[in-house]
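These protein sequence lines map, in sequence, to chains S and V.
The first sequence begins at 1 in full-length UniProt numbering and counts up by one.
The second sequence begins at 1 in full-length UniProt numbering and counts up by one.
Incorrect hints may appear among the rest.
One copy or two, it doesn't matter: identical chains are merged, so the pair holds either way.
As the list claims (entries may be wrong) - Distance condition first, Cα-Cα at most 35 Å in a straight line; then the derived DSBU-like pairs of lysine-lysine:
1) Lys191 to Lys72
2) Lys95 to Lys191
3) Lys40 to Lys220
4) Lys17 to Lys40
Hints listed in this document are in silico derivations from the structure and should not be mistaken for laboratory results.
These are the residues of each chain, in order.
There are 2 protein chains.
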Amino acid sequence: MNEDSKAYREKKAFFEKIITLYGRNVVIEMLQDKSIEIHKLHMANSNKPDGAIKKILLLAKERGVAITHHDKNALSRISKNAKQDQGVAIDIISKSYAHASELQKLTSYRLIALEGIHNPQNLGMIIRSCAAGNIDGIILPKKNSAKISPLVVKASAGTLFKLPIYFCEKLEDTLRELNGADIYALSLDAKESLYDIQTSEKTIFVLGNESEGISPDVAKLCNKKLIIPMNRGVESLNVAVTAALLAFMK
Amino acid sequence: MNEDSKAYREKKAFFEKIITLYGRNVVIEMLQDKSIEIHKLHMANSNKPDGAIKKILLLAKERGVAITHHDKNALSRISKNAKQDQGVAIDIISKSYAHASELQKLTSYRLIALEGIHNPQNLGMIIRSCAAGNIDGIILPKKNSAKISPLVVKASAGTLFKLPIYFCEKLEDTLRELNGADIYALSLDAKESLYDIQTSEKTIFVLGNESEGISPDVAKLCNKKLIIPMNRGVESLNVAVTAALLAFMK
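Produce the complete structure using the sequences and hints provided.
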């Protein structure tokens, strides 16, 4: 029984680390990058063995990647994007992808938590800036956010698997569990500014969607406010730019 | 003769401040924003007097804006974008738009010069971040750069006319004329970093296109190097993010 539940937990933890991507160019890119661990390649039976498909099969064979074949509809259920999967999907084992409950084991962190970021370009840019900057990871809710998709991979410019991404269902549940953290919301009436902020051992910056900001439920859990001083009456910045400014604070 | 040449110069200076935008929604937005000075509205004769066109004509009448009518091809020569002008174009008089030769009159400035930024979203985001940050203006070459278009307006989120934009033909000619300025290129082998830079009275940061960087001719004119320290082996940032980090340096 104990054995079983341990095996179950391990299996669950394993599958939680899997990110499924799709599209021929993306799959080729993943297969060519030896630093990326691949769980499985999924192919639709309807694929004609043309140039790209031939190349994918050859690369998979060279790396000894397991291949499963599906009818077109089953493949689309795996990719979750029938329109853009082009009959191929790939399961990546991302070492940097973990459940947000893992954060409770850490004694110090500086994180960016996202809510309602639906634009994949913005999400990719945020990952890229945080990977390059002084941020230990991103908290990314599964609901009300862009999924990790080929567009995100592209905008992240190869940095997606370099930055820890902590996924959760609802951001408010994760924030509630992270006791003792300074949780910042951006606010035009904050006293603490980007230039004089004194961050503590555990710091989280919550960024919301540009048009709607963060939800009232999440706002309630923020215990600090931060202002990015702006000139010329400008009231807001692109969310990816805001993330970058936070990531590159001294 | 002097009078003539003065009149000519004035006329030239006036027309240099004109930015032509197009598309029905953008034209409506410009007509509705009273802070924006409008020179002229251009309409194609082929426009059907439907909802948007009716609204445009009404707004123009309310503001007393001059309207000229053209055949469809002539309108497209004005908009320079037959595919997207939707039969309407508008000439904006931008007080913040000036020839780069004006910079020679200034005794101090901190500028961002762009070369090869063709993505209108990036250009719009750069304008927005610089308008909000500590940058006195952008140097934007007419060649080898995105034009000020409705996509740029959208990405700038209403900040386009808040930030001085100094246009020039070729960036190298402008940089050569700005004697005595510290002209920075970003470089991974620079000693001076984003965190310890000592800027002088006249500082220009040159940003190039992400894939190709700045051209050799422009690189030769840069007399300083700056590094943005990056973690996790990341070697570059999105150009709009880079501009924002420079704009918000302390």
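Hint check results:
{"no.": "1", "hint": "Lys191 to Lys72", "verdict": "neither (56 Å within a copy, 55 Å between copies)"}
{"no.": "2", "hint": "Lys95 to Lys191", "verdict": "between (38 Å within a copy, 34 Å between copies)"}
{"no.": "3", "hint": "Lys40 to Lys220", "verdict": "neither (42 Å within a copy, 49 Å between copies)"}
{"no.": "4", "hint": "Lys17 to Lys40", "verdict": "within (13 Å within a copy, 58 Å between copies)"}
In terms of the numbered hints stated before, the structure departs from hints 1, 3, listed from lowest to highest.
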